[in-house]
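Trainee: Sequence:
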Amino acid sequence: MQNTTLILGLNPTWQRLFITEDLVLGKIHRLPKPVEFASGKGINCGRVLDLLGGKPILLHFLGGANGRFIFDELAAAGLVQIPVWIQANTRISTTLVSETTTELIEPSPEISPEENADFIKTLIENWDGVDRIVISGSFPLSFDTQAFFETNLKDKRIFIDAVTDIEEWLEKGVELLKINSNEYFTLLKQMEIPQVTSSPKFWEISAEALLSKLPIRYLVVTDEENLVRAFFIEEEKLHFAQLKPPTVSVLNSIGAGDSFLAGWLRGDGLQLSFEEKLCKATAVAAARCEVDRPWNIRLERVLELESKLQTQIEWFNN
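Numbering (this note's numbering), first residue to last: 34 to 351.
It should be emphasised that the hints constitute simulated quantities derived from the structure, not laboratory data. All C-beta atoms, glycine included, are put in the ideal place defined by N, C-alpha and C. Check before you lean on any hint, since a few could be wrong.
[Unchecked claim] Quick list of the computed label-pair ranges, beta carbon to beta carbon:
1) L260 / L186: 29 to 35 Å
2) L332 / S145: 39 to 45 Å
3) F102 / K234: 19 to 25 Å
4) E258 / S340: 16 to 22 Å
5) E258 / E201: 32 to 38 Å
6) S232 / P67: 44 to 50 Å
7) S214 / A108: 34 to 40 Å
8) E337 / E268: 18 to 24 Å
9) Q223 / L186: 19 to 25 Å
10) S245 / S145: 49 to 55 Å
11) E347 / A108: 39 to 45 Å
12) A98 / D188: 37 to 43 Å
13) E268 / V324: 38 to 44 Å
14) P227 / L137: 52 to 58 Å
Could you put together the complete structure from these sequences and hints?
Mentor: Below, the structure is given as C-alpha cells:
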C-alpha cells in the first residue's frame, strides 16, 4: 500500500512527561524522572495512524538538538518523515499528570523567509501521489500562511484539526474539520454566527449556519469525555449524529483529539461508512486515554470499544 496521506504537523515539540500522584502549586515536588519523546499534534496523529496501518508521511519543521531528537526517534519507529530544517530549536512541552493534567508549552520557533520558501518547495515536491493532506495544530511564528494558501490543491482532499489562521483553507473546501467544543465556539464567533446556547436546537442551528457558509463535507466537534457531535449536509438537508465516548480509566488524555483524527483517517482510507468512521475515531481516542503515550494504544482494545459503539449513535435529522 502506498503512502497517500501527507500530514503537515508544522509545530512539533519535544515532550517531557511527568506522572505524579500529587501536585500542589507553591510546594516543592520531587518528581520522578521524566519520560521524553517526540510529540505535537501532527506527530501524535501520524504515529497513531501508522499504528492503525495507515502509513502516513510527516512533513514538519525541525531545528536544533530537539529537532534531531525528534527526527531520530521517528526514524527509529519507521515513520516516513520529510523534515524542513530550521535555525531555531524545536520547542519543549512539559506535561504534569496528577489528578488533573497541566501543560507548560514553550513559544513556537520563528520561521525565516528562506525557511518558509523551503517549506513550500518541499511540499510541492512531495505531494505527487498524495490525495489526502492533513493540517494538524497551530502554525509556528512568522509562518507564511499566504504562500501556503496559494498552493494548488487540485485533486487533494483536505483534513483539518485546527481553528487559527485556517479560514482561507476552509473557504477552498475541506473533507473534514475536526475541532473541540472551545474551538467550535471560536469559529462561530469568527464567522459571526449567533451562539444561542440556551436553545435546545443550538447545535443543529449553528452547524447548519456554519456548513451553509463554508464548503465542509464533515464537521466533527469533540468535547473530552462528553458527546462527540458530527454534522454534514446531503441533498440540502442537515444530518446530525452524536455519540457518547465510552467510560475508560484515564491515565493521560493529551493527544486524544489527535488520535481521534487518526482513527477517522484510517476509516476513510478503508472506505468505511460515516457511522463506522465515527465509531472508529471515538474508540481510538478513548483507547488513547488509557495509556501513557498515544502510540501505546492497544489495537485489540480499539476493536472492543468500536464494536460496542456501533449501536449507540443517535441521529437528529432535520
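Trainee: Of the hints given before, which are not true for this structure?
Mentor: Per hint list: 3, 8, 10, 14 violated.
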